[in-house]
Amino acid sequence: MGPVGQTHPRLAAKLHRRVCLVLTEDAVLAEELLARKKLAAEVAGRLSDRVLLVRPGRLDAVLDELRKMGHTPQVVNGSR
Amino acid sequence: MTPAPADPEHWSARAGAALAGYAEPLLRAVAARLVRPRANQPADELIDKAVATLANPPVVDRRLRDLPDAARALLAVVGRSGQPRWKVGHLLTLVTALGHPEGFAPVADALAAGLLFPELPPGRPPVDDFAAWFGAAGVLSAEVFAPPTVSARARGENLRLPDLANPDREVGGAPRTADGLDWPLRLAAVWQQVGAGPVRFTQADTLFKKDLQRLQADEVLAAPPSDLPVRVPDPGVLALLWAAAAGLLADTDGELTAAPLPAAWDAGLGPTLAGLLAALPRVEAWDPVAGYAPSDTGLSPTPSAGLLSLLLLAASPGWVPVAAVAGWLWDHHPSWAGTLPDGGRAAGADWVAGFLLGVAYPLQLVEAAGDLVRLTPLGRHLLADGPEPPTPPAFPQTLLVQPNAEILAYRQGLTPALVGTLARFARWKGLGPACTLELTPEQTYRGLESGLTLPMIVQTLTRHSSRPVPPAVADLLRRWASKRERITVFASAVLVEFGTPAELEAALARGVVAVRLTDRIGVTADGGEPTLGQLRLVANRDYEAKPQRCVAVADDGVTLAVDAAAADLLLDAELARFAVPVPPDPGVSRKSRLDPELLRRAAQQSSLADIDTWFRDRTGEPLSPVGRLFVLGPQAAAPSAARLTVVRFPTAELADGVVQWPETRGLIAERLGPTAVAVAEDGLEPLRRALAGLGVALAGPD
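Residue numbers (my numbering), protein chains in the order written: chain F, 1 to 80; chain Y, 1 to 702.
One thing to keep in mind: the hints can contain errors.
What the hints assert, rightly or not - With a straight-line cut-off of 27 angstroms between C-alpha atoms, the simulated DSS-like cross-links for lysine-lysine are:
#1 Y/K483 to F/K37
#2 Y/K546 to F/K68
#3 Y/K209 to Y/K483
#4 Y/K210 to Y/K429
#5 F/K68 to Y/K591
#6 Y/K483 to Y/K429
#7 F/K68 to Y/K429
#8 Y/K546 to F/K38
#9 F/K37 to F/K68
#10 F/K68 to F/K38
#11 Y/K591 to Y/K546
#12 Y/K49 to F/K38
#13 Y/K209 to F/K68
These aren't lab readings, by the way, just hints derived from the structure by calculation.
The task is simple: from the sequences and hints, build the whole structure.
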């Protein structure tokens, strides 16, 4: 925080709304998920080594597959 | 969530919506009786005044007094049931049994008085006549509702039911009263099971066989209720249907899913049981003798005969033989006797015993002594306006958490709120005088997904246990909870992309975003909207909207230039299917180049039509001709090379003539354009001679 009364300049930003993504604890876990064919088919791309971008409208399929793999993902609903 | 039946504001709003669905002449006719406006007012004002009138007890009382006896009895029954919404068929059955066999007239009178309203599906044409609406909706599905502000004023009406108590019968043995927890426990168990896997209905609105068999065989739901003087058929099915009617389960297009537990469950046992009593008339496909009994051809007798059984007890202060209730129904209910299995009156007594002892007794509405029954203080409070019974003493420390992760729950200390909380994170394993639950990874996970936290779970167990939670169990819960932290799925997040990593650092420091996804992209902890006051938005993308055009194809047909401001996160992944990035030039937009091999592979994995769709969405044009060459070239017939001579005529007419004239037509290899034709090398001299015969000299080639 800056001194009292000092205001920060606004940060230029681009918003990406209603994005569905999977954030893993580490890169190895992301690799493990991508090695699962059914899950990989629902992934549109990889934002980073821990972040997988899910195709629009495929949330339920991803959750089903994660649970079938024995994972218990924390689901954050965000703007929904 | 299904609204609490007694929520007056909800029902007033629904009354307003129903009035808005009336044709104006009908609206004015209804308002004239309910509001009695002095001047000709706009329709909107009439609706507002009508809704306000419904909340005015003295006026409602006057309007009720103006109604015929049968309509008043109808609204009284609605009030006593606690359920504002009823099928018209059931209401007609009830008023007929109460001695008013006037058909639709009582419903029509209450509708015309503005004290009862039709349930109108959205998009329905305006109602201009109640009888026509009823005829169109049909007796099996037409539904009406009475706002609680009306039915509460009507419920005191004398229904002229007989006192069936037999003072000559001695009460054999000590009267038995249930603790009221049996059905809340079963409903919580079925709610938990539906939470683990939704239940679907067939198109005929019946249960699928596998779901039915599961409900019938489930060791928790199908177990006979404890301390119950009668067998309940298909208790699991009744629990499912009842849970749906009470709002514990949400029905979306024929699929039941677990909804948040109703607020009444946190308010104590009395409000919980009152809510379940109010929901009971909405249970259609269950019968106290037959069990699961779906029907699409007739009205179920359960809602009407069940309520009448309770109202008969409400009219009888003393002990009533079950057979006397059955006898009254036999003589007065217009359709109930016809639905009983062979056995006549004896089967009727079984039906009434099944309902009163199997449903109402565990709900703490009825106390039993042999075949004699009477309302409990709670039953008398809910059905006969008796005083509210005192709240039972609390025994908060009623759980015993065992080292093997099982929980013993002693019923005397259970409350609906605790039952509901336990159902969120521990699996019900047995319902009895002492219930058993089991802590499992799956149910702990569901509990955390429902909004509980690990400290909340541990605190619930600690606060309600007589002994500390065993360390091994606390450790298990911690491990299961931490496993959930390994993968976070953002269902619908707002990602914030900054221009530089330094700007993302600044945003993290200011708390604009909480989680770093890449070196330039962050997200808030819950994936929600960031504080926009700290941001200057340069672009906004919605990932559930149609893909945005953000790529330009260069004249060479292979270079794709990305408009960075309009691009989205999916674009790079999509581009990578058929293009390779071009090394970036400073100050020049990001570019990719179509790659023949990638493009061909993409066409094999999907289709050229899909690729064209992507190009139309992203560039505004289909795949470029170069791209089509990359894809289709290898599949097409091999192109051929040949030496030809081009002959160019001064006008198109002459060229047409040469192409048409039989003497020269066979010499033309191909028409190349309006004035040009191609001629094979060995055809040139014959063409020259043929044209010379016409006086046309063909010059060249030089």
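Verification of the supplied hints:
1. Y/K483 to F/K37: Holds: Y/K483 and F/K37 sit about 23 angstroms apart, inside 27 angstroms.
2. Y/K546 to F/K68: Distance of about 31 angstroms is beyond 27 angstroms: violated.
3. Y/K209 to Y/K483: violated, 35 angstroms
4. Y/K210 to Y/K429: At roughly 21 angstroms apart (the allowed maximum being 27 angstroms), Y/K429 and Y/K210 satisfy the hint.
5. F/K68 to Y/K591: violated, 40 angstroms
6. Y/K483 to Y/K429: holds, 24 angstroms
7. F/K68 to Y/K429: holds, 24 angstroms
8. Y/K546 to F/K38: holds, 25 angstroms
9. F/K37 to F/K68: Holds, because 13 angstroms separates the two Cα atoms, which is no more than 27 angstroms.
10. F/K68 to F/K38: holds, 11 angstroms
11. Y/K591 to Y/K546: holds, 23 angstroms
12. Y/K49 to F/K38: violated, 59 angstroms
13. Y/K209 to F/K68: Holds, at roughly 24 angstroms.
The structure is inconsistent with the numbered hints 2, 3, 5 and 12, although it conforms to all the rest.
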